[in-house]
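Visitor: Read off the chains here:
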Amino acid sequence: MLGLLETGSGFWSAIVWVIVVLVIGYIVYYIRNKGEESYKKNTEQDKPFISGNPELTKESSHISASHIYWGFTEALKGYYNPLVKIHTGNINDYSGWIIIITVIILIMVGLSG
Amino acid sequence: MNLSNHIPILIIAIPLLAAFLVPLIGRINKKATGILTTLALSVSLILTIALAVKILTVGPQVYVFGATSPSLTLPSGLKFPIRIIFEVDAMSIFMGLITAIVSFLGAIYSLAFMKNDSGLEKYYSLLLLLTVGMFGMVFTGDMFNFFVFLEISSIASVALISFRGTDLGEPAEAGFKYMVVSSISALLVLFAVGIFYGQYDVLNIAAIASVMKYSQLDKIALGLLVPVLAMKAGAVPMHMWTPDAYSEAPAPITMILVVASQASLYALFRVVFSLYNISLNALTVGWIIIIFGLLSMFIGVTMAIIQKDIKRLMAYHAISQTGYMLLGVGVGLAVLANPAALQKYGITAMEGGIFHIMNHAMYKGLLFLTAGALFFSTGTRDLNKMGGLAHYMKYTTIFFIIGAAAIAGLPPFNGFASKLLIYESVYRFNPLLSIIAMVVSILTLASFVKVFHSAFLGPKLPQFKEVKEVPRSMIFAMAALSCIIIFFGLFPDLIVKNLVHPAVMSLIEQLQYTGTVLGGM
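So the protein sequences, as listed, match chains A and B. Going by this note's numbering, the residue at position 101 of the first sequence is 101; the numbering climbs one at a time, nothing skipped. Going by this note's numbering, the residue at position 375 of the second sequence is 488; the numbering climbs one at a time, nothing skipped.
For the record, the hints were derived by calculation from the structure and aren't laboratory data. By construction, the Cβ of each residue, glycine as well, lies at the ideal position given by its N, Cα and C atoms. Wrong hints could be hidden among the right ones.
To be verified - One-sided excerpt, in silico: chain B residues whose CB lies under 10 Å from chain A:
hint, residue
1, 290
2, 293
3, 301
4, 303
5, 335
6, 348
7, 412
8, 415
9, 416
10, 530
11, 606
Excised from the complex, chain B in its bound form:
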């Protein structure tokens, strides 16, 4: 048996197995739960990197469940796939890498951050299940299977958001709200899946795409999938669950939730590009996504400026940054049926949007971790109560500056590189959109200047005289993200050329996606 053919399933199976082992280990040794989780996620990270190398050199990989060979997509001479298939192309592995890095660093950060909490075996078990759900969402090539993984990640997220809400306080309320919106989205996704199955008798994305008629029923399915996946990604005006959930979840979970939201964003892009592609009215759906992007960028940032809770403020910025991704990819979709415009600026706009997904996961993760470090040391998230913390938390201050500069799009950090791609390409599509994006960046900088001044600058305050820098495992996670941000900022060409461009092309080239499963049908 060649183990390298089984990497896609091993990436998911190892944390899934660990998720069920953790509660058992926790009965013997509580501390071992965190170590086991970190180990399982480190193996997943290594396997994801190995799979990424394979995909970027050989091409998309498929994994067929229950077949005699994992690459046997059409067993017994059938013309359509009947088994659950993972189809991991450049876009899927791009998201897989983000998931692997963030969940691994989240587990490391949790070792110290959560050490005083009770029920750690449940916490780590749920963290692993959330990671499994995210990996599944980005690897699967099957619509119903996507729904299953969406549910796994949603249920684990609900429990993790309300993890510190044992007395039915605000975390429990935030968890309940997330549960309601997740249930609505899951229901509508399932309804859309039912529409596809009812019409075409298949659930495989490539198989549906190959027979897509864009009938009235397909339009209804599209009209259900676009808003609910945009909502799960935190797009305005369906974003209101985001500040509640992001602010109440423990900091490392908030960082992972950002990637879970991006997995829904990935699903949105997968649906419009790989499932429908040019069969849909690309200009209309492209503009719908652009409008989501504009609203998210502007309302997100303006709401962030008036926040006093550091994590709510950052949550609104997460909404705002999602707007950039929607804008970049929306422009690419709007010109999908126009090959000249697509070549001229559409691909670059998509590269900017997709590159921003990774950049955002890194710097927003870092910023949420710095907010967690402040909470860990001071016991408050209220910016009005903070001040002078740079005197006591020098490393956290430096990490915050790096994260804040990156999100504001200051050179030479990674946020600048992806925003520059978006500004220049979107300007050629519609200058006004690009100008709004730049104004939002300025407002983002203003907002983080406020946080920096309120929390870190100023004289030493007497109530914080006992405050110390956070433990080493938390420093390590923040330092690792900072290094990635700086590396991506200094060498953006390496990332765009080797990871982002192949990911964008795998979205645009629908025939390659369907051909990988159906063999050029």
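This is chain A alone, in the form it adopts within the complex:
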């Protein structure tokens, strides 16, 4: 069958996957159309309700990249601090890593027989 990739443990067909997604998508769309009929576009119903707080201007509501995953990086400070520290941007360090790894591999290959 065209598009059937054998993986050694099973198989994968992107064509079948696309067909399944289209069928599920159509079912979701059908159910959605059966939903609330009193909704009207471009009325009060469209406005966000932020617990009674005033709405931010649209321009200032965008969350910039630095704020995304702040919690993730903060929680992993112990991992990130030394990792960022070794990325010095100094070419001497870049060369040093090459030499260290070359020596380690020479020893490993030499001892492995």
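With chain A's structure known, arrange chain B on it following the hints.
Guide: Frame of chain A; chain B shown alone:
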């Protein structure tokens, strides 16, 4: 004269000739430099496809320089080759196809992307030389010749990375760093070549492989070649030049640099499989490559998440994706001496790793081009300053979604197919490795969700009200890569069966590689 016998050299000679013609043409008409470059690379692409068809139907092709016939590998009754030989097998042409597609699309993208820069004749000349270097690295069957092409691609890369660094700014610094690490790697490669020549009096890879004793000197040569080629491929912890170089080079050059790094990865695989094969301790060297892969995958992706410069972020992802290739092929190498395990999952793991090389070149190329499109339109690479660009750049947004979904391994795109092969086969070797690979994929998706939200989503920002979609030549290059990604994703079996599997077998079957040159010695 049968021209079809000369295709391997024509693929390289045409862009090489064009590289020297471009500065002359540039004196008459600046705009013609880009058109000439695109034409030369389109001819190379057509010839590469023709050669691929020939190799996949007839078998590996050799091209002997200076011989009366291009297939005369052993002239005058000699038992060893003395001339420079190109040996193009399924693995070489697999890499050649990637090089041809990416460099051609890079040239097309450059037509609009670079139009306001000065010194375009130098730019296109260097782009062509970089392409020549990459083709040479993957086609050559000679160790010293490999060193020469490695140098050509490195020197052209240095100049291209620092192309926009005329005031000695960050591009010049990135170029300098790349020059230093490239010089170290070239020196160590040359040292290894000297070791082979000193011992065996030959430089041809097949000839060295046929007499390989795996002496202490051969171990030293291996111990030099593995780390420096891994470093040129961007493997952790020798990856630090990658974000500097990839982020400062013009976007189409970054896309081509990814393939240049993969050419070094190809050389690493060629050395361990075609040159040493089972004479080395496959388990030890296999695990060395696997550990490079694990470190690259995990450290690459975690460093990517915290980046704010879109191209640095993507550069760290390039490191991470290289880890998948190292993991897949490393597992294949680790079980090379175990025929049962090799048949059971080793070949599939290698197919996953090798297929990922092509997939990565396509989607990472696309992502770097979308980053270039954002820079072209907004003048910034800082994600903190971007937002709402989907309102203005609808095509670029769609291309970004395709590239991001592919790199994150979402079905039905090509990244999923190669990662699935890696997950399932590597799991049978060591489940933990496979689980780490899956976690890295999830983190990759998280990272690209961040980029998508920061750059494309959100309200229209006043500073971008003049932003427009990029010119057509840039759209064309991104659209072509998107089509390839979707096609490879929908019909991965076609690619694996016709391109990837023969490439993997050409690596594993050392006797076929040596026999092509030495005639079954």
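Visitor: Look at each hint and say if it fits the structure.
Guide: These are the hints, each one checked on the structure:
1. Using the Cβ-Cβ criterion of 10 Å, the hint placing residue 290 of chain B at the interface with chain A is satisfied: the shortest such distance is roughly 5 Å.
2. With a least beta-carbon distance of about 5 Å to chain A, the hint placing residue 293 of chain B at the interface is held under the 10 Å criterion.
3. A least Cβ separation of about 7 Å between residue 301 of chain B and chain A falls short of the 10 Å threshold, and the interface hint therefore holds.
4. The interface hint given for residue 303 of chain B is violated, since its Cβ lies 14 Å from the closest Cβ of chain A, which is over the 10 Å cut-off.
5. Interface restraint check for residue 335 of chain B: the shortest CB-CB distance to chain A comes to about 6 Å, inside 10 Å, so the restraint holds.
6. For residue 348 of chain B, the interface hint holds, since its Cβ comes within 10 Å of a Cβ in chain A; the closest pair sits about 9 Å apart.
7. Because the smallest distance between the Cβ of residue 412 of chain B and any Cβ of chain A comes to about 7 Å, under 10 Å, the interface hint for this residue holds.
8. Interface restraint check: residue 415 of chain B against chain A, minimum CB-CB distance 7 Å, threshold 10 Å, status holds.
9. Interface hint status for residue 416 of chain B: upheld, as the beta-carbon distance to the closest one in chain A is roughly 7 Å, under 10 Å.
10. Using the Cβ-Cβ criterion of 10 Å, the hint placing residue 530 of chain B at the interface with chain A is satisfied: the shortest such distance is roughly 6 Å.
11. Among the interface hints, the one on residue 606 of chain B holds; its C-beta lies about 5 Å from the nearest C-beta in chain A, closer than the 10 Å criterion.
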